[in-house]
Structure formats: C-alpha cells, structure tokens
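Visitor: The residues making up each chain are set out below.
2 protein chains.
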Amino acid sequence: MKIGILGGGQLARMIALAGYPLGLQFVVLDPDTNAGAGGLSEHLLGAYDDPALLAQLAEKADIVTYEFENVPAHVAEYLSSHTTVYPPAGALAVAQDRLLEKNFFRDLGMRTAPFAPVDCLDDLVRAVADIGYPAILKSRRMGYDGKGQVLIHSAEQLETAWLAMQDAPSIVEGFVGFEREVSIIAARRPTGAIAFYPLSENRHRGGILRIAECRSDDPLQTLAEDYVTRLLEKLDYVGVVALELFAVGNELLANEFAPRVHNSGHWTIEGAETSQFENHLRAILDLPLGSTRARGYAGMVNFIGGVAGDAQVLGIANAHLHLYDKAPRKGRKVAHATVRADSADCYRAALQQLADLALATDDS
Amino acid sequence: MKIGILGGGQLARMIALAGYPLGLQFVVLDPDTNAGAGGLSEHLLGAYDDPALLAQLAEKADIVTYEFENVPAHVAEYLSSHTTVYPPAGALAVAQDRLLEKNFFRDLGMRTAPFAPVDCLDDLVRAVADIGYPAILKSRRMGYDGKGQVLIHSAEQLETAWLAMQDAPSIVEGFVGFEREVSIIAARRPTGAIAFYPLSENRHRGGILRIAECRSDDPLQTLAEDYVTRLLEKLDYVGVVALELFAVGNELLANEFAPRVHNSGHWTIEGAETSQFENHLRAILDLPLGSTRARGYAGMVNFIGGVAGDAQVLGIANAHLHLYDKAPRKGRKVAHATVRADSADCYRAALQQLADLALATDDS
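In order, the protein sequence lines correspond to chains A and B.
Under the numbering used here, the first residue of the first sequence is numbered 30, with each subsequent residue one higher.
Under the numbering used here, the first residue of the second sequence is numbered 30, with each subsequent residue one higher.
Hints listed in this document are in silico derivations from the structure and should not be mistaken for laboratory results.
Warning: the hint list may mix true and false statements.
It does not matter which identical chain is meant; a pair holds if it fits inside one copy or across any two.
[Claimed, not checked] Below, in silico cross-link-like pairs of lysine-lysine (DSSO-like), each with a Cα-Cα straight-line distance of 30 Å or less:
1. Lys31 / Lys355
2. Lys31 / Lys263
3. Lys359 / Lys31
4. Lys263 / Lys355
5. Lys362 / Lys31
6. Lys355 / Lys89
7. Lys263 / Lys359
8. Lys362 / Lys263
All of these numbers come straight from a predicted model, not from anything done at the bench.
Sequences and hints are given; from them, build the entire structure.
Guide: Spelled out as structure tokens, the structure:
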C-alpha cells in the first residue's frame, strides 16, 4: 500500500516514520530538493500544482493525503477525481478561508470571537465600531504562524492596517483576552469511529507555537470533544484534525482548525499510546484507531531558527529529539523535543530545561 | 552523519527508523533486492564480502555497524581499518564461536553449563561421559535460531549426532533444566557509560523466539547487570549488546551473547523510555544514553511465517504492529507486535490475544 503526500516537510516525514512499521510506502510531491521526507519516500520534485506530477502522484498512490491545508482547490479536485483523497476536499475549502471557517463554526453552534468580513476600509471601520478594540485584521486566506495578521488598538491604526492587507479579502475579529489556548486533536475513520486525544495547551510567541503540553483530565475536554465531533461529522471527515480553541473560564471559543496532523500534537509521538501520525494513517486506511491515552506527563518544545547540540538535548532525562533535516533559517521550525515522564516533577524539570535550550538558540 | 549497516533486514530497518529523528542517514549493504531497510536508506546491493561494495560502504559511512554477528573476520578487519566500526571486531570474533564464547564467559567468572570442545566422535564420547545426558551438540560457528544443534539423550545417539555436524568443529554442552530464559540488553558508550534495560523473559518454540516480556524489578536484574558489565568492559564494547542467560533458582548461567540489537528487546520500542535501536545509535555516536526504564508493562510477540491481518492486530487495545516488509516464508520472522499498558490485567489480556493470533498464522 502506497500513501501519497502533498508536501514533503516534517509532517510528511513523521507520517512516513509512523507508516513504515505498518508496512506502508510513501511518495511525496514537494518542490524542495531537500524535503525532509525525501529519504523516506519516493520524491516527486516540483510544484504542488504541476499537472504531470499530480497525475503521477494520483497514479502511484493508493490514497493521497497532505501535510498543509493551502492546497489550491483545483489540485484537490483533480486528485479527488483520480484517487482517494483524505481528508476530504470540503474540509480544505473551509480551512483555507478564515471567513468560511468562522461561519462554519458559528453554524455548528460553537462560540467564536465576534467577527466580520472586510473587503474595504469602510467595512473595517464599520465592523470595528461594533466589535471594539483591540481587534485583529486577518487576510482570509494563506495565513499561518501569525502571518497576514495586524493587531489594531485604536481608530488611528485602521487605515494602516487595511493598507497592510493589500486589498486581500479579509476578516476582522474581536481580540479575545483568553486565559489559555488549547487544541483538540481527533481522528475519524470512514466508518465514523472517532478517537480524541487529551487536550494540548499551547504557548505561542510571535505567532509561532513554542510549547504544547498534554492536559489529561482537563475540565474542558468534554466540551472540546463535542465541538470537534460536530466539525468531523459535518465534513464527513476522515483522518486527523486539529481544532484550536481559546479557553475563557468554562467556555471555549473556536479559533481555527487544521485538516491535518498538527504541531500541537507532536507530544503524542512518545507521550500517547498511539501517535497522531499513526492514527492519521490508521484513519485514512480505515484500520482500528489506536488508543489516544497519554502515557504519563508529556509535552513538546519547538526549536525555531536553530537547534541546540544533540548531546545537550539528549542529556536531559526523558527528552526525545526530533530533527527535521532542515537547514537553520530565521523563524524556521527545525526540530522539536518531547518530554514524557511518570512524575510531574521530572516532567516539569525536563520541559523547563528544554524550553531554556530552545530560547537560547531561538532567533525569532 | 551517515551510518553504514552491514545487513539491511528488519534490525537495520528499525535502527534506521530510530535514527531519522536524530537527523541520521543510512547506507546498508545487503544482497537482497527487497531488503526491509532498503526504502529507508541507500542500498548497496551485493554480497557482504564484496570488496568493491565494502570499500563504498567504508567511504560513504561515518560509522559502520551491523545487524548480525556472522561477519567474516576479514570483512570486519577491512572495515575497521578504513572507518570506525562499532561494536568492535573483537566482540564479533568471540560471539561467532561458541567455544570461544563459553571460555570467555568462564574466564570472566560467569557460570555456564558444563561444556567441552568436540572435533571428532571420540571427543564427543569422552566429553559426554563427563557431562552426562541429556547433552547438546552444537557447531561452534554460524548457529542461530536453534540451527546446527542436536539434542543427545543416550549413548546410542552419539554417532548420529556427530555425523549431523559434518565434521564441523563443535562444542557439547550439558542440558540445563532451566526455569526461565532471560536476556539483558545493555548499551555502552566509548566513554564507558553503560545503560541496562530491565530483563527480558523469553519463550522459544522450535529454537525460535516467540514471546519476550519486560521484567522490571526482577530479583536477578543485579546479577545480570554484573555479568553484562564484565563482558562490556572486557571487550571495550560500544553499542547495544544482548546477553542470553538461563535462570536456575537464584543463579544465572551465561548461554550466549549477540553483539547487536536483539529480538528479545523489541518491546523497548514502545515499552521503554528509549528503544534499544535509539540507544544503539546514541552509544555508537557517543551521545548521552537515553533512559532504559520500562513504561509500565511491556512485551512482544513474534509473527513467524505469516502475520494476521493488520486490522486484527491493531484492533487489540494497546497493540503496536511492526511489519518487516518481508514476504511470508515458512519459519521466517515477518513481523512482531508489542503491547504496552499501565495495568497488568490489560497487558496480559492483550499479550494473550496477540499470542493467539501469532499461533494461528505460525507455520513452523
């Protein structure tokens, strides 16, 4: 059985590593000659929308999946009409557009921050009069890791903010003074069976995820499972999904979702009984989903821009290093490390040491 | 950093899977076009003693290791003189010859079964007069999975047994009525630091390992660590070693050792904080060794000759499947499955289900 992956970066790399023990083979399509999944798979080298390469991908792969959501609609359509593609193209369409996404959440009865579409400065002025300050203006499409976002504190900043969007269709959202950002990762099979991971609690800096920690027995787990179930069922979703949520008291506000394995779930490699990568594969192959239970305490630290020496990371008790085989570059995720431990004290000490190491090499 | 591996079967495959997260690349030398590690590494296709391929392996790899011990002495010498080879050639020489091995154990003060060299029928007759019945006649070299061994119950069987050896230099050993067979797996760095895994308790049938279970807190752990430490230090060993022992009451008899990662340690992939495969790599790279602690209860079942359907194995709670990408063949190890669980009951139930599945597909 051969799995095709659109994108050959670290997510594809970790999917492939999880797939070999299941007897799977891989083919990735990626324009980067040094794509991290390259050594683990057949590598179709070229643009994501190259028709000849897409035809090859559809031909070689029994099932196609992807490691990013910004797949052009015509590419998703082409692949879907030539082979089995999971998650379904409909999930991509929603996840690619912040306005569709927020309306989708609202239609499913999930709470969100107040939001409004913005296609011109007038729209922005009117919407913010309603929503208040601070507000965030975001381009509807192609945003990730905090890019394409402007925080607006006062009326004087409105025009500059709109100019920064360069006329891109946008959305303005009320700024949520949230207490915690959490994400729920879940996997769904074609049969409809769903497995939920314990919540991840996520810390960002500069719009980039830095630390994600497993929160077993979080009081908001049940509500998060309810939210993500609505999403999965509405989309007739197959595969792993990550739903990012703001926690405010006992409430959850849906922020965005990623129709793929997700950085906030990397702790599952060592920290859960079955990793998100393996469960993504089990889901798209319609195999029984593996247990999502945490194995003790678990968390993850991203290395951004550069990574500490291997010996430094591996010298920390219970630390597990995951290099992505990517050249260091400012603001680039090049590795992560997981901590898993049976005791809270051991866990916290190791996570702090990793966070310190990550900060020392972080250039962003 | 590129690691060369002599042999590209399932052990090389699992070493490579453990090595990618550490940023390593691999090149294997294996005569089988379908070698299981092939998709994960550069594959030099040909005989293990092909001079041109050995030169390529030494040239391409920063460090060379191997997945089997029957490496011809001249091959080990050639590689050692052209690149760094771990474990050291001296360990291979001892492990390849049952007589050298038993003398080595005895010289290190380990208990063994009674044994004597046999080079002719007279030797055998004389030795067995001393050792008694039952006794086992074994060829000194190239024995694995019970091959090249004859059990002798009475004087009438002596001549037939010796004929079966076809004049190969042999060793006869007293048959040990052992209670348990255990193995200790340990890793040693060039600096001398050693990490010990909890004992594995191993069940064989037909000379082939079927089930290995992690035994945390076994009363014989300390003695086993003492034995393997003597071995590691005497050989100035670097890498993972497996020492197989017979447990008789409070005593351990050294049976044999494998200078490599070992089937009885496959439960460490999910069942230990750091797998034997990763610790082998950490050891040969002189990186800090990872924690060898068990994560709860853990064990492994081999699939011999064939494997149950993926869905059957993955439908068992906490079961983890490891396919080797090998065509089914009578008596061939084609996969294993691990169970890891926090409760003894859950563990035992899952292991039993796996053992039943393995038995149903086992043709040997």
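Visitor: Now tell me, hint by hint, if it's right for this structure.
Guide: For each hint, the structure was consulted:
no.	hint	result
1	Lys31 / Lys355	both (25 Å within a copy, 16 Å between copies)
2	Lys31 / Lys263	within (28 Å within a copy, 47 Å between copies)
3	Lys359 / Lys31	between (35 Å within a copy, 26 Å between copies)
4	Lys263 / Lys355	neither (37 Å within a copy, 41 Å between copies)
5	Lys362 / Lys31	both (28 Å within a copy, 23 Å between copies)
6	Lys355 / Lys89	both (26 Å within a copy, 21 Å between copies)
7	Lys263 / Lys359	neither (39 Å within a copy, 48 Å between copies)
8	Lys362 / Lys263	neither (32 Å within a copy, 44 Å between copies)
Checked against the numbered hints listed earlier, the structure breaks hints 4, 7 and 8; every other hint is satisfied.
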